[in-house]
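Visitor: Chains as they are written, first to last, in the numbering used here: chain A, 1 to 114; chain B, 115 to 224.
Everything labelled a hint here was simulated from the structure, so no lab data went into it. Fair warning: there could be bad hints in the mix.
To be verified - With a straight-line cut-off of 30 Å between C-alpha atoms, the simulated DSS-like cross-links for lysine-lysine are:
1) A/Lys67 with B/Lys156
2) A/Lys44 with B/Lys211
3) A/Lys41 with A/Lys22
4) B/Lys156 with A/Lys22
5) A/Lys44 with B/Lys115
To be verified - Counterexamples of contact, computed for chain B against chain A with all Cβ distances above 10 Å:
6) Pro122
7) Asp141
8) Ser184
9) Ala192
10) Val222
No residue lacks a Cβ here, since even glycine has one placed at the ideal position from N, Cα and C.
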Amino acid sequence: DTAVSQTPKYLVTQMGNDKSIKCEQNLGHDTMYWYKQDSKKFLKIMFSYNNKELIINETVPNRFSPKSPDKAHLNLHINSLELGDSAVYFCASSQDGTGDQPQHFGDGTRLSIL
Amino acid sequence: KQEVTQIPAALSVPEGENLVLNCSFTDSAIYNLQWFRQDPGKGLTSLLLIQSSQREQTSGRLNASLDKSSGRSTLYIAASQPGDSATYLCAVRGGNKLVFGAGTILRVKS
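Just chain A, same shape as in the assembly:
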């Protein structure tokens, strides 16, 4: 009965490849997020969707494309992977986008680029 689940947990791939990370939440939340945690452990917001609509799009290369088929899913596709993309990517959700409710996080996807 995992609340926010991400797949895969680990992803090792070569530079230049295209990969996707999937996220699903069963909390009935309206808002979902993607964060990137770099080697220095800083967590930074990448994208946020509210009811399938994009509401936050930080300064992220356009090689990163989020897709929300429904409000329970937010997937992240990355084209032409680069060495600097190596990080842990976290998906999160919250009741709504107001920020008054806590965010619930998945366990992360550890992406390593060779």
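Mind docking chain B on chain A? Use the hints.
Guide: Here is chain B on its own, set in the frame of chain A:
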């Protein structure tokens, strides 16, 4: 641009001690502040959320305070236990996104 700093970066204490983790932020125009716990290889678990109009929140052995005007928050952990060992992250919400600090790595020795 909001910046969040957490001090100390790492802390090691014997079991049973009371301890304080500090968080400071540069822009006091925030909606709320949230404390998270991150265990190795895991995601973040929300511990406490303090709205900008509140001064503190308590949950069990945890107490978080917020002084918005001075840009500071503290997380107080009473009677620490080895199971409290984790990284503790502070995040402030201004606008529509959370800005995180780098975290404090806590180790409680038995």
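Visitor: All hints, please: hold or fail.
Guide: A quick look at each hint next to the structure:
A distance of roughly 24 Å separates the Cα atoms of lysine 67 of chain A and lysine 156 of chain B; the hinted pair therefore holds under the 30 Å criterion. Our distance criterion of 30 Å between C-alpha atoms is met by lysine 44 of chain A and lysine 211 of chain B, whose separation comes to about 9 Å. For a cut-off of 30 Å, the pair hint linking lysine 41 of chain A to lysine 22 of chain A stands: about 22 Å separates their Cα positions. Straight-line distance between C-alpha atoms of lysine 156 of chain B and lysine 22 of chain A comes to about 16 Å, which keeps the hinted pair within the 30 Å bound.
With a CA separation close to 13 Å, the supplied pair lysine 44 of chain A and lysine 115 of chain B stays within the 30 Å bound. With a closest Cβ-Cβ approach of about 14 Å to chain A, proline 122 of chain B is found to remain outside the 10 Å limit, as its non-interface label requires. For aspartate 141 of chain B, the requirement that its beta carbon stay farther than 10 Å from each beta carbon of chain A is met, with the minimum near 15 Å. With a cut of 10 Å on Cβ distances, serine 184 of chain B stays outside the contact zone with chain A, its closest approach being about 22 Å.
For alanine 192 of chain B, the requirement that its beta carbon stay farther than 10 Å from each beta carbon of chain A is met, with the minimum near 22 Å. Remark: the non-interface label on valine 222 of chain B is consistent with the geometry, its nearest Cβ contact in chain A lying 19 Å away (cut-off 10 Å).
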